[in-house]
Each structure stands twice: as C-alpha cells, then as structure tokens.
Amino acid sequence: MSEVPVALPVLRKLQRFEHEGGMLSWVASVDHKQIGILYLVTSLIFFLAGGVEALLMRTQLIVPENRFLNPSLYNQIFTMHGTTMIFLVVVPVLLGLMVYLIPLMIGARDFAFPRLNAFAYWMYALGGLLLYFSFFAHDAPAAGWFAYTPLSEKPYSNLQGMDYWALSLLVVGTGTIATGLNVIATIASMRIKGMSLRHLPLFAWMSLINSFLIVGAMPALNAALVMLLVDRQLQGNFFKPAAGGSPIFWQHVFWNFGHPEVYIMVLPAFGIISEVIPVFSRKVIYGYAVVAGSTVAIALLSFGVWAHHMFAVGLGHFLDLVFAASSMLIAVPTGVKIFNWIATMWGGAIRFTTSMWFAVAFLVMFTIGGLSGVMFAVVPIDWQLTDTYFVVAHMHYVLFGGTAFAVFAGIYYWFPKFSGRMLSERMGKWHFWLTFIGFNLTFMVQHSLGMLGMPRRVFTYPNIHTWKVLNFVSTIGAYILGVSVVVFLWNVIASARQGRTAGDDPWDAWTLEWATSSPPPVHNFDYVPPVRSARPLWDLKHPEDTDWERARKRQRNGR
Amino acid sequence: MPVTSALQAHSTLDQPIVHLMIVVLVIMSAILVLVTTLVIVASIRFRQRAGMPEPEQNFGNPKLEMTWTIVPFLLLVSIFVLTVITMAHSDPSKTTAAGDDLSPDLVVSGHQFWWEVQYPQAGFTTANEIHIPAGRRMLVRLIGADVIHDFWVPELSRKMDMIPGSPNEIWLLADHPGTYLGTCAEFCGDEHAWMRIRVIAQTSQEFEQWEQSQEQTPPPPTTPQAKHGEQLFRSMSCANCHAVSGVSSGRVGPDLTHLASRETLAAGRLGNNPVNLEAWIHDPSNFKPGSYMPNASLKPEDLSAMVAYLETLR
Numbered sequence: 001m002s003e004v005p006v007a008l009p010v011l012r013k014l015q016r017f018e019h020e021g022g023m024l025s026w027v028a029s030v031d032h033k034q035i036g037i038l039y040l041v042t043s044l045i046f047f048l049a050g051g052v053e054a055l056l057m058r059t060q061l062i063v064p065e066n067r068f069l070n071p072s073l074y075n076q077i078f079t080m081h082g083t084t085m086i087f088l089v090v091v092p093v094l095l096g097l098m099v100y101l102i103p104l105m106i107g108a109r110d111f112a113f114p115r116l117n118a119f120a121y122w123m124y125a126l127g128g129l130l131l132y133f134s135f136f137a138h139d140a141p142a143a144g145w146f147a148y149t150p151l152s153e154k155p156y157s158n159l160q161g162m163d164y165w166a167l168s169l170l171v172v173g174t175g176t177i178a179t180g181l182n183v184i185a186t187i188a189s190m191r192i193k194g195m196s197l198r199h200l201p202l203f204a205w206m207s208l209i210n211s212f213l214i215v216g217a218m219p220a221l222n223a224a225l226v227m228l229l230v231d232r233q234l235q236g237n238f239f240k241p242a243a244g245g246s247p248i249f250w251q252h253v254f255w256n257f258g259h260p261e262v263y264i265m266v267l268p269a270f271g272i273i274s275e276v277i278p279v280f281s282r283k284v285i286y287g288y289a290v291v292a293g294s295t296v297a298i299a300l301l302s303f304g305v306w307a308h309h310m311f312a313v314g315l316g317h318f319l320d321l322v323f324a325a326s327s328m329l330i331a332v333p334t335g336v337k338i339f340n341w342i343a344t345m346w347g348g349a350i351r352f353t354t355s356m357w358f359a360v361a362f363l364v365m366f367t368i369g370g371l372s373g374v375m376f377a378v379v380p381i382d383w384q385l386t387d388t389y390f391v392v393a394h395m396h397y398v399l400f401g402g403t404a405f406a407v408f409a410g411i412y413y414w415f416p417k418f419s420g421r422m423l424s425e426r427m428g429k430w431h432f433w434l435t436f437i438g439f440n441l442t443f444m445v446q447h448s449l450g451m452l453g454m455p456r457r458v459f460t461y462p463n464i465h466t467w468k469v470l471n472f473v474s475t476i477g478a479y480i481l482g483v484s485v486v487v488f489l490w491n492v493i494a495s496a497r498q499g500r501t502a503g504d505d506p507w508d509a510w511t512l513e514w515a516t517s518s519p520p521p522v523h524n525f526d527y528v529p530p531v532r533s534a535r536p537l538w539d540l541k542h543p544e545d546t547d548w549e550r551a552r553k554r555q556r557n558g559r
Numbered sequence: 001m002p003v004t005s006a007l008q009a010h011s012t013l014d015q016p017i018v019h020l021m022i023v024v025l026v027i028m029s030a031i032l033v034l035v036t037t038l039v040i041v042a043s044i045r046f047r048q049r050a051g052m053p054e055p056e057q058n059f060g061n062p063k064l065e066m067t068w069t070i071v072p073f074l075l076l077v078s079i080f081v082l083t084v085i086t087m088a089h090s091d092p093s094k095t096t097a098a099g100d101d102l103s104p105d106l107v108v109s110g111h112q113f114w115w116e117v118q119y120p121q122a123g124f125t126t127a128n129e130i131h132i133p134a135g136r137r138m139l140v141r142l143i144g145a146d147v148i149h150d151f152w153v154p155e156l157s158r159k160m161d162m163i164p165g166s167p168n169e170i171w172l173l174a175d176h177p178g179t180y181l182g183t184c185a186e187f188c189g190d191e192h193a194w195m196r197i198r199v200i201a202q203t204s205q206e207f208e209q210w211e212q213s214q215e216q217t218p219p220p221p222t223t224p225q226a227k228h229g230e231q232l233f234r235s236m237s238c239a240n241c242h243a244v245s246g247v248s249s250g251r252v253g254p255d256l257t258h259l260a261s262r263e264t265l266a267a268g269r270l271g272n273n274p275v276n277l278e279a280w281i282h283d284p285s286n287f288k289p290g291s292y293m294p295n296a297s298l299k300p301e302d303l304s305a306m307v308a309y310l311e312t313l314r
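Same order as they appear, the protein sequences are chains D and H.
The letter at position 438 of the first sequence is residue 438 when you use this note's numbering, and the numbering goes up by one with no holes.
The letter at position 125 of the second sequence is residue 125 when you use this note's numbering, and the numbering goes up by one with no holes.
Bear in mind the hints are in silico, worked out from the structure with no lab data behind them.
Cβ coordinates follow ideal geometry from the N, Cα and C atoms, glycine included.
One or more hints might be untrue.
Which stretches of chain H does chain D cover? Using the computed rule of at least three CB atoms under 8 Å from a CB of chain D, they are [unchecked claim]:
#1 12-21
#2 39-46
#3 75-81
Some chain H residues close to chain D (C-beta under 7 Å, calculated; not the full set) [claimed, not checked]:
#4 28
#5 57
#6 185
Chain D extracted, bound-state conformation (with noise of 0.2 Å):
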C-alpha cells in the first residue's frame, strides 16, 4: 500500500492535464477522438519510416549489382519496411479510424472501456518504440517480415534483432486485441437508440466485423511469437528440425494468423470506400445487405485459407487443392462488393473531390490486386509465381492501391472533422496524380519482373537486360511515389493551420458523425437526431424521401 500516497497525486495530476487540455492532455486523454489522433499521426510517423525505407530499398535496386546497401543492411531495411508498414502503419492507422469515428457514427459519448482504448494506443507506441529500438542495438531483425523458421532462430540469426521483432510485435499484437475487444463491446452496447445492426453505416459494420478477425488472428500471432521466443532465449525445439521441432509448423501458425490479417488490412478499407463512394455519388449505397454479408462471409473464410502461402512446402496435391478452393471461393464476396460500388455511382450524380478520386481509382487498383490474388489461388501458377516480384506487385496492389488508396480516400472526407478545416483540393489533385502514377510505375512492372523470373527479397540481381529497364522504371516511380507523400504532408500541416473553414456537414452526408460540430465537442454530441435508417441525416434533409418509409414500404409490397 505503500505507492498509494505516492501515485495518488501523480493520477490527480494526470486528470487535472486531461480536463484542462494542452499539450499534455495528449498523453493522458482517455478521450476516443484524441486516441484517434494520437493513432493517425503516429502511423504516419511510422509511414514515413517505412517510406524511407522502401526508397532505400529501390535505391539499392536502380542498377544492377548495386554496393550501395550491404546485403546484410538490406535485409534489415526489407524486414522493417515490411513489418513496420504491415503493423505500425496499416493497422493502426484504420484502428485511428475506428477508434475516432465508431462512436459519432453509432451516436455514443465514447468507447464502452475508454482507459482499455488509451492503453491500446500506449501499447502500439511502445511496441513500435521496440522495433526500431533494436536499430541502436546492434542490428535490426534481418529474417523478412514473416520470420520463417529455422532462418530466425538462434544459428541463423544470432544478433538481438529477432528478439527485438518478437517482443515488439507481442505487445503492438496486444494492443490490437485490446482494441478489438472493445469495438465489439461499444457497438454491442453503446448504440443509440434506433441504431439496430440493420441501420449501422458501413464503416461500422466493418469495423465490427474486423475486430472479431482481430479477436480470433491476432492470437495465433502472439502464440507463435512466444514460441520462437522460447526457442531463441530458452533453447526450445518447436521449430528446429535437429532437435524434433518442426519448420513448417512455424508456418501454419504464422500464417493462422497471417492471412486473416491480409482482410484485418482491408475490410476497414472497404468501409471507408462504402461510406465515402454513396455521399459523393449522391446515392444511397447499392445492396446494404449484400455489402455487410459478404463481408461476413469474407471473415468466416479468412480462416480457412492460410495455406495458399505455402504451395511450395510440397503439403501435397490434395490439401493444396482444399485450400485453393476455400481461396478461389473467397474472391466471390469481395468482387460482389466491387460491383455494388460500381452500381452505387450508377445513376448517381458524381461529385469528383480528391476524396472520390482516391475512391474510384481505389476500385480499379484493389480489382487488379485481387485478381492477381486469384492467380495464385491457381496452385500450378503460385508454383511458378510465388516468392518472385509478381507477389510484391499483387500485394502492393492490395495494401496500397488498396488500402492505401481507401485511407486516403478516408483522410480528404474526415479530415474535416477531425479539424475543422478542409484540406486544399488543389494540392490534393496534386496529391492524387502523383500517387496514381508514382504507384503504378513502381509496381505494373513487378509483374513483369515476377514473371520474367525474379525472386523477391534479393539485395541484388544479375545483369540481364530486362530487369535492369523494369528495375530502374519501378525505381523512378519509388521516388515519385516520395514526393506525392511530401505534397500530402504540406497539405495535411497546410491546411490543419489555415484551411477553409469546414462547419459541421461539408460534403452533405448522412451519418451521424455529421451531425455534430467539426471538431466535435469532447461529450460528442448535444443532440443527436432521430435513428431509423442507415442514414439518419438524409431522412432529416429529405422528410418527403424518408429512407425508413421506404423500407416501410417495401416491406408491405413483399420485396
């Protein structure tokens, strides 16, 4: 009992810097939209990072047989890129959207568990600290972002930045749960009245579904982690062949994990796409329910898919063949979706803000994305393509043209909200030309690099003539790529001083985050309009167009 006297007026302190604001309020708000930013701007730290990282990478690769990075720097630089961008950056920085906007959209004062959700956030800024921490000990982790076993263990990489890797990711990977669990509980049990699962806004709705995927991966992650740990620091054999452990086993888990985080990645994008796609297409979304189900359908089967990372582990012709089914059939619900956004803009009236740009050219990146995914649902292509440059382009296009695209999308439609004041759509444009040329330069030619027989993961390759010219393409569309993020940084630090002032309701949208002030006050609402549809505000601007008589109707005509 002896701290009590001592913590005591540290924790008054720490509620006085919450109540009174100011910087300090920062690293004690328990308030969900100060986490939210604390989350967003931390990723994009962390995204510059990782940024700098990948040029360095491309660098190395503009020419063939390079000396500018050491392989041993190189493989350090690619396990970061990779770790840090999967979960410092994409992670975090939809978790960023959630955590800000899941209670204004479902009309709550703030989380169900709002200490839980601070320490979530602590969590991913400890464990991100971690990882490049193990920069200034000796050597980052050098064993690729999915650390196959027996490459990391001891023998194979003895130097502490594997340790660094597993102890940082246990704690981000925590912190994710956290975060997880209580988004279930705040839309379980924090929805205003009216706000039934059928009237919840797609990003919610996602959002949710997102977080049971959390709940049931994140887990096998940590699982693994502990595993390795304990083989590297108290000589354990689950992954050393020598000893009875078993590499492939490393495998499984990793990826029991690793492919539910693949949609962990990309539902919330598909929210943010079907929250921003209606409001500026001027149409209600096309298919509510189809959208929400199949996504449903798209976690369910997320599990049951991990083994289509290891066709080349020789599991055999038959369980090769239940995993491509499961993978071919999970590209059903997500091409459903793509249509339905398509349909949404149909009939619409389109208003083209950079927010609808990164929008629509979201659904043709993600679209060659996931077809190229399918590709290697095709067991004989994956043996030919698998570990080359082709997956480097496919899963750029998923996470980048993908979500990068979708968060972008999200950045242009909340930022006002988030500041009250709108970001320059003139620089935006710029933003966005930049971006969709610099991401296809870099990455269309990875496909051709795969096929034309490139490894990933290589510091180097041998002179031939064609990866030389495809290299050096993908290069100059890196540093484009650069420069785009410079022109969004100028932008997001412009604006957020003297942008156009955004008042509540900019773009005329539905949800209920619009109904309150921008930025919203710190009780979230003072009133919050009546609930009985998915888009509450249209049915207040339109009380001779109510979506809920609709319904009514429908329902009496029998459809």
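Guided by the hints, dock chain H onto chain D, whose structure is given.
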C-alpha cells in the same frame, strides 16, 4: 545472359502450367477491362452537373446482385477444374504404379548460399550446376541443409521448397539441350540473391561423356606451381570444407573435384575463369558478403599457385 520467363516452357511438364497461366491471364484481363470500363463510363456519364437534383435513390436489386455473385462463382469453378487437371500433368506422381517410392536420379541440397548436387546412381557430387540428359525425366530429391531454400528453374518445372527435416521431390525435364537459369526462391539469408543455379541439358551422348568425366579423379598436378597449390590446399583450411576427389573430403562448402569445368563461380556470382577465380579467393566478401567462404589471406605467389592448382581440376 539468357533470359528466363515463367511464360515460356522448355519442358513438357511445364507446358501445361504455361497454358493454364495464359488462360487465367486472359480471363483476369477480361474482368479487369470490364471493371475499368464500367468505372470510367460511370465516372463520365454520371458526373454531377450544375443545378442537378439529388438522383433517384436505388437501394439495390437482389436479382442483379445474385447474378454478379453466381457468374464469378461459376467462372472460378471452371478455373478450379483446370487447376486439378494441370496439377496432375505438371507434377505427376513420384511412386510406381504399385505405390512404391522411386529412387531419385538426383539429390540437390540447398546450403547457405550454394547448391550441392549428388548423382546417387553414379556416385559423384558436384555443385551449383545440374547436368541432365535432354528428354529424360529426372526425379530430384530436394533437401534443406540448414535453412529453407527453394529450387526454381522457371522454364523447366514448378518451384519446390527445400525444408530441413522434410525432403521433397520433383520431376525435372528439359525437352531440348540448352542452359536454363534458376534461382533460390525462398529468402535464406544474406546472400539469397546470389544463390543462382543453372541446369545444363545435354544430348544423352554428351551427358554420358560428362558423367564419365565427373566420375574420374582429376590427374595430380604436374607443374611445380600447381603442385605447390595443391600442398597449400591440403595444409590450409581449404581441405576442411571442400572435397576434391582423392585429396580431401570436406563437405561444408562445394565439392571442387571438377571446379574448372564449371561455367560459374560462387553459385552464379562470377563467370569461371582464372582471373575471376583469383579475385574470388583473394577476397570472397568483396563479391559475396555474408558468404561463409573465409578470406584465406594468401600471399600473391601462393594465390597464383592455388589458382594454378584449381585450374587443373577439370
């Protein structure tokens, strides 16, 4: 340097994969063109114009949505059927009709960062270059000696992991004589990039000649310089790691018995000629940092002697 391509088959085993890949690429491209066209048409046709009222709110059409669920599903079912057929053709069974295991014609082991190639029937070992008779199917056993590697020669066969503790097998076939480039396709550490392999398919006559030459122990060196080189090879640590038939039996590094007859050095890092060989032995880490080949710090005259000796290993 010859070009490799996963869209080109030089093997009747790989041909079905290339055909399937082309069929699937055409289907995927057609879908991409459809989606892109719809997006562009919608973007142009349904742009908001000044003074436009809110458009008609369309909540969906179950029949239409069912269509764009079922059509892709059927398309995928047909791709699945093609997958099953292609797998059987491109990766046929490795057992006899009675279900017994066939014995391998070749055993290839992946090491950090080179390939050990054994011919168990003839009983000799070589490295980094695989000779096969054109037109004959060779059963290859794949072994991971330390970490996971992956054997991939795009124009001849599927890729297959080499996993420590659980060997895999593939069929390797080249229809015509030629040199086919391949690479380690699973990230295996620092020098993964320079773990290249080449398959040299020969007419059966040439292959038999090559096999006979490999079975022979190279004649002892005759010049004083080469003799000095051999002594150095035995007395220094070289012999601990490298095997030379009749001289040493180290198995940590590549077998050097017929080193001088190979096309490349250090798993495809350098062309094999005396100048490159000398440069490689002088400072391996200059060419392959991360390789386990140590710098022997030889005096210039010893280095020349060593090269002279190794050049006799034909």
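For each hint, the structure was consulted:
no.: 1; hint: 12-21; verdict: holds (count 4)
no.: 2; hint: 39-46; verdict: holds (count 4)
no.: 3; hint: 75-81; verdict: holds (count 3)
no.: 4; hint: 28; verdict: holds (4 Å)
no.: 5; hint: 57; verdict: holds (5 Å)
no.: 6; hint: 185; verdict: holds (4 Å)
Of the numbered hints given earlier, the model fails none.
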